[in-house]
Amino acid sequence: MSILKKRKPNRSRWGDLFVYLVLLIFGWFFILPLLYAVNSAFKPLDEIFLFPPRLWVSKPTLDNFADLFVLMGKTWVPFTRYIFNTVFITVVGTLGHLLVSSMAAYVLSKYKFPGGKAFFTIVVTALMFTPQVMAIPNYLVMTKLGWVNTYWSIIVPAFAAPIGLFLMKQFMEQIPDVLIEAAKVDGAKEVRIYFRIVMPLVKPASLTLSIFSILNLWNTRASNFIYNEELKTLPYALSQIVSGGQIARAGVSAAVTLFILIVPLLFFIFAQSSIIETMASSGIKE
Amino acid sequence: MDKEKNQPRQRKQKKPKSMAYRNAVAGYLFTAPFIIGFLLFLLVPLMQSLRMAFSTVKFEGGIAYYFIKFANFKYIFTVDAEFVPLMLDELWQMIYTIPSIIVFSFFIAIVLNQEFKGRGLVRAIFFLPVILSSGVLVGLETNNTLMQGLKDVIAETSNATSITDVVKSIFFAEGAYMGPIQYVFDAVDRVYDIAMSSGIQIIIFLSGLQTISASMFEAAKIEGATAWETFWKITFPMVSSLILVNVIYSIIDFFVRSDNEVMNHIKDTMTASVEYGRSSAMAWTYFAMIAVIIAIVSAFISKRVYYYD
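Chains A and B supply the protein sequences, listed in that same order. Take the first sequence: its letter number 223 is residue 223 in this note's numbering, and every next letter is one higher. Take the second sequence: its letter number 230 is residue 230 in this note's numbering, and every next letter is one higher.
Isolated chain A, as found in the complex (with noise of 0.2 Å):
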């Protein structure tokens, strides 16, 4: 009954199923590659080769964790690591892109300078660009840095990623210039403007792009600049992991999915409140 109190006035009660059903059918769309995948890790190998495949476990068993974390003991180096590596990229590289994207972001949507908005243009241009085919100019570039064999040819390229730049821009060009005005008149300066007054307005969208970074960097395999086995990522350590058995690990490859989903994933639920909070609340609204 409660729903029908908080309605608007002007949505009938049609309106509210209508809304329902709409919800109903495409949030299961939504959802339901999650719950495959969370399915699968649980199923018993005869489950998963079934065909037509059911997404329901019938007999849900633990065994695929349990075969991967025997495998994960067998690595040449201990497995920990991996996970370190991935976490340390993960971390700094998201952190870093936050804040070197978000200032580039924060001039130019609010200040006018010359070349300001011809270079938005290029960094636009370069998002449509086949990244395969950089590949082996990336190398080179790395090479001539001596980043090759280090976590830097992962962690900074991150941070000038265009998708972040582009997004945030969008942000911040909701940011009444009054506001910043304002704070001019009160004596601020571009440094403290960005951290005290735009930084803390565009938390939902920083967290959206923590979430891409996030995902970028949490699954990269690095296999094209990093050779040493210590500083191999632990998408990388998993992906030998699955592959050495063949059809065998077909179950171990469905625990490796929701093994490496599961931390994303837990980040998206923690912030996905702020995420999608209303630009409103966050004093945008003019």
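To be clear, the hints were calculated from the coordinates, so they are not data collected in a lab. Because the structure is a prediction, the values reported are computed rather than measured. You may find that some hints are simply not true.
[Stated by the list, open to error] DSSO-like, lysine-lysine: derived pairs with alpha carbons at most 30 Å apart: (1) K144(A) - K267(B); (2) K117(A) - K303(B); (3) K74(B) - K58(B); (4) K144(A) - K58(B).
Keeping the supplied structure of chain A fixed, place chain B upon it in accordance with the hints.
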């Protein structure tokens, strides 16, 4: 800045810290880290690949480039049997995918913007595809089997394909004109793909919808506007600038997604046949095509965008 241009006298006074000067300094300092990173990791490699597109690339100790003018481009258009058809196919798919994504994500954003119980949870669910599709599942090659399995499950449970098949056969029997209807069928067949690639667009629309001030709707209501009129006179114009953003984002996302046939062909040419020159030429051709499409589309849409203030 514009005012200063109109008044050249003031300029001659050479104020040491004019507004424009301070803006420029702040602008360059704040963008500097990004520009450096961008130049180093995107622009330099980009230019190198452009050079490759016009050369034969050989590995003789180091990398050697032999300048061959347009031979690579001639090859991909005249000899390579796959490239052009793949590209045209991709283009055709784009024409019906992008409008579907925009309409779908706008519709979902409007629904999610309504007041209802459990809104937070539902919004979270609609953001899930972004997590699931951007790399996590695609990143591990082994998960192709997982995605395939998932598609089978969907086909099994939703039967979307078979329903459209039945309806199609009815229409064919009636001998009806199929042109526009075919478009709808194509979109329905791909409804799952469309839903999966709409995550970001939904969020962008949603954040736009939330910035429309409630007083506007109140005013419209007092004036006696119906919900239908309010939608077309307030909601739609107010988010029209985001339609442009979303169209551009969707087009880019569509063309560089990881299961794209053209991209795979480019990659195969590079890794399997070790033809860096040809593969770079393909990438640049593809890039040029996308750029032209985006230029046309954004010129077309931006004329119709309504800017408040």
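Numbers of the earlier hints that this structure fails to satisfy, in rising order: none
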